[in-house]
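J.: Listed below are the residues making up each chain.
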Amino acid sequence: NAGVMQNPRHLVRRRGQEARLRCSPMKGHSHVYWYRQLPEEGLKFMVYLQKENIIDESGMPKERFSAEFPKEGPSILRIQQVVRGDSAAYFCASSKGSNQPQHFGDGTRLSIL
Amino acid sequence: DQQVKQNSPSLSVQEGRISILNCDYTNSMFDYFLWYKKYPAEGPTFLISISSIKDKNEDGRFTVFLNKSAKHLSLHIVPSQPGDSAVYFCAASDRGSTLGRLYFGRGTQLTVWP
Numbered sequence: 001n002a003g004v005m006q007n008p009r010h011l012v013r014r015r016g017q018e019a020r021l022r023c024s025p026m027k028g029h030s031h032v033y034w035y036r037q038l039p040e041e042g043l044k045f046m047v048y049l050q051k052e053n054i055i056d057e058s059g060m061p062k063e064r065f066s067a068e069f070p071k072e073g074p075s076i077l078r079i080q081q082v083v084r085g086d087s088a089a090y091f092c093a094s095s096k097g098s099n100q101p102q103h104f105g106d107g108t109r110l111s112i113l
Numbered sequence: 001d002q003q004v005k006q007n008s009p010s011l012s013v014q015e016g017r018i019s020i021l022n023c024d025y026t027n028s029m030f031d032y033f034l035w036y037k038k039y040p041a042e043g044p045t046f047l048i049s050i051s052s053i054k055d056k057n058e059d060g061r062f063t064v065f066l067n068k069s070a071k072h073l074s075l076h077i078v079p080s081q082p083g084d085s086a087v088y089f090c091a092a093s094d095r096g097s098t099l100g101r102l103y104f105g106r107g108t109q110l111t112v113w114p
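Residue numbers (this note's numbering), protein chains in the order written: chain A, 1 to 113; chain B, 1 to 114.
Please keep in mind that the hints were generated in silico from the structure rather than gathered at the bench.
Don't take each hint at face value.
Stated by the list, open to error - DMTMM-like mimics (lysine to aspartate or glutamate), calculated; alpha carbons at most 20 Å apart, straight line:
hint, chain 1, residue 1, chain 2, residue 2
1, B, 68, B, 24
2, B, 38, B, 59
3, B, 71, B, 31
4, A, 62, A, 18
5, A, 44, A, 106
6, A, 51, A, 72
7, B, 5, B, 94
8, A, 27, A, 72
9, B, 71, B, 55
10, A, 44, B, 24
11, A, 44, B, 31
12, B, 54, B, 94
13, A, 44, A, 57
14, A, 96, A, 106
15, B, 5, A, 41
16, A, 96, B, 31
17, B, 38, A, 40
18, B, 54, B, 31
19, A, 27, A, 106
20, A, 96, B, 94
21, B, 5, A, 40
22, A, 44, B, 94
23, B, 68, B, 55
24, A, 27, A, 52
25, B, 38, A, 106
26, B, 71, B, 24
27, B, 5, B, 31
28, B, 38, A, 41
29, A, 44, B, 42
As the list claims (entries may be wrong) - Pair by pair, the computed Cβ-Cβ distance ranges are:
hint, chain 1, residue 1, chain 2, residue 2, range
30, B, 10, A, 78, 32 to 38 Å
31, A, 55, B, 53, 21 to 27 Å
32, B, 67, A, 83, 40 to 46 Å
Cβ atoms here follow ideal geometry from the backbone N, Cα and C, with glycine treated the same way.
With the sequences and hints as input, model every part of the structure.
T.: Structure (structure tokens):
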């Protein structure tokens with residue numbers, strides 16, 4: 001499967017724990033985007049990364065959230081000290097370039113107990 | 001501030017007829033528009049896109065129309081099929097200043113009945 005791969009598909013954490021969401025882009029894609037979807041809403045942009053660089057993080061909450069896309073390996077979205085309001089579906093997308101269509105993974109459903 | 005709006009949360013169409021999904025936007029700087037289809041528990045699937053230099057783009061059963069003066073775009077599906085039943089999201093970007101960032105509407109649930 002050459003599509004965008006996200007894991008885990010479901011993640012359950014207790015309040016105060018850390019959540020790590022992983023995303024492997026499509027083959028040949030070097031641009032990665034993270035979006036969050038709350039129930040009954042559209043997707044909201046969080047961050048845009050290229051290999052080893054954060055291009056736009058204007059959609060990321062200022063605290064507890066961070067993202068990286070290292071030279072080797074998947075992109076990671078990290079949420080520290082999770083709270084109930086972090087419960088959502090987190091989608092990763094990739095593209096060949098910033099002006100190309102973004103292709104999405106199937107998301108990680110994060111539930112906070 | 002919702003810059004992309006899909007005012008119809010749902011649409012029901014008979015198989016074989018035309019489905020028309022609508023989308024409005026407020027940011028005149030948007031120059032690239034996309035439609036995605038989403039099934040439950042899956043990620044959005046790219047359908048079709050259009051640049052602001054065009055007013056129509058067609059791909060098989062899917063056609064997107066763009067009316068820049070009205071800040072309105074629509075997706076036409078003809079003929080509609082039961083497998084088209086899904087949530088459809090309109091998205092837009094301002095490639096000049098916000099690079100790859102996409103702004104999404106809240107989606108329209110399309111149901112195609114036999």
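J.: Of all the hints numbered above, which does this structure not satisfy? Sort the numbers upward.
T.: Violated: none.
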